[in-house]
Amino acid sequence: MTHTQHNNFRPTASRQNLQLRARLLQRLREFFDQRGFLEVETPLLSADTVVDRHLDPFCVEFDNRRMWLQTSPEFAMKRLLADGAEAIYQVTRSFRLGEQGPLHNPEFTIVEWYRTDDDMDAGMQLTGDLCEAMLHCGPAERLSYRDAFEQYVGIDPHTADVGALISKVEELGIARPDSLSADDRDGWLDLLLVDRVQPHLGMERPTLLYDYPAGQAALARVRSDDPPVAERFELCVSGIELANGFHELLETDELLKRNKNINAQRAADGKPTLPEQSRLLAAMHAGLPASVGVALGFDRLVMLAAGAKSLSEVMAFPFDRA
Amino acid sequence: MAGYNTSDFRRGLKVQIDGDPYIMIECNFVKPGKGQALYKCKLRNLLRNTVLDRTYKSGDSIEAADIEEIAAQYLYRQADPFVFMDTESYEQYELSIEQVDDAWKYLKEGMVCGMMLFNNNPIAMTPPNHVVLKVEYCEPGMKGNTATNVTKPCKVETGAEFPCPSFVEMGDLIKIDTRTGEYVERVKE
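Quick note, the sequences are listed as chains A and B, same order. Heads up: the first sequence begins at 27 in my numbering, then just goes up one per residue. Heads up: the second sequence begins at 40 in my numbering, then just goes up one per residue.
Just so you know, not all the hints are guaranteed correct.
Below, computed lysine to aspartate or glutamate pairings styled on EDC-like, alpha-carbon distance capped at 20 Å [unchecked claim]: (1) LYS53/B <-> GLU108/B; (2) LYS194/A <-> ASP92/B; (3) LYS297/A <-> ASP92/B.
Bear in mind the hints are in silico, worked out from the structure with no lab data behind them.
All chains should be built: construct the whole structure from the sequences, respecting the hints.
Pasting the structure below:
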């Protein structure tokens, strides 16, 4: 067993795909450099970590201290914004415990950028432009989360109650987890999204899905429409989620409140809670300028450009061979 | 009862659902970036051969099936049941024709096969990948014709018929790939 594990030193990606990867990285830096973005580097290992119900960081313990490998460079980059940076981007590694499959690797390359004063429209425009520059795929179309659900599921995701979502899952014959609780509204929406909506998105040209249910705001601000929606968008290409953007939340109190709620959910899910206090809070307290921030999975981008089906075809050494 | 957590999920895992044994034949990890991680699985019922679609949330678990794989020697056929013997414990097990399925075509007395036990009861067997069988009847061979693309049916000692090249003759020993049911070659012994 040990022998076979140590035997195979070779990369899983072809040399051709590794060359493509290098070219795309170059093109990506050109894209941001041409638009006046500053490339930055922030710690991979930090005393702070994003508090998210469904993101599990790798914890590193030493000398009676505890730090986290970053699930994204979000906190540190926002600290730079609070210090006066206006347009920054980063290409770095991020780590997410337990995420492994053809489209997931626990360690992956993330591209993250922020530009102050952007609103949803400007943030989506830039994301679409980047996608077009990288994949030569034509301009992105925009589709609201509500319209997408009405079109592909036949339900209004903002007003339907959980009972209606569950009936829809049953009516469509979607295999459902027994453990998905009847009050986990966002869990049922995710199940419908993954099974019935996302596979249709970005087929002819990239799709920007926007205005998410308020319960899925994460670190996005919530716009007080009726019903309120999270100012969040995702970029999908060929049915694959490629990037996620927020019109960033600025209020310290709101973040603290969300952190508390998320930790309560994590505890109920049987997961370790995460620190609610962080240097991001201090930065927000000092004054975080309005901005849009976007994170993009670079490995998936290369995979799509290569016409590959799995990340292992474009990563030299995926987790199993790391 | 022992179970498998979603982090153990992989193809080939043998689990128990509603009392039946299943093998995981597909397991797809899907996760919306900010959402719940889901494992969309296909499981084949090892008793009925039906396929079940199931979705699990990360952290869920499935009961492990008490499945044991042993080597069993085929002894003889007694009306319906085929009788096998565990090569280590010498315990005898019977399988019905439905459980043996197409594998009867390859079963020669004394042949050692793979056998799967569920809660100590036999549920399936697999013959070796290659078996050598004696041709008992076929039309006369065409001398000098070594082409392998022209075939004729050859009846072997188990009673089954396999398409073989026309040069094969009665009394020949032929090697068959049991995974495809195809003729491989003529062998001396």
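Evaluated hints:
1. LYS53/B <-> GLU108/B: Holds, because 11 Å separates the two Cα atoms, which is no more than 20 Å.
2. LYS194/A <-> ASP92/B: Judged against 20 Å, a Cα distance of about 17 Å means the pair holds.
3. LYS297/A <-> ASP92/B: Violated, because 27 Å separates the two Cα atoms, which is more than 20 Å.
Violated hints amount to a single one, hint 3; each of the other numbered hints is respected by the structure.
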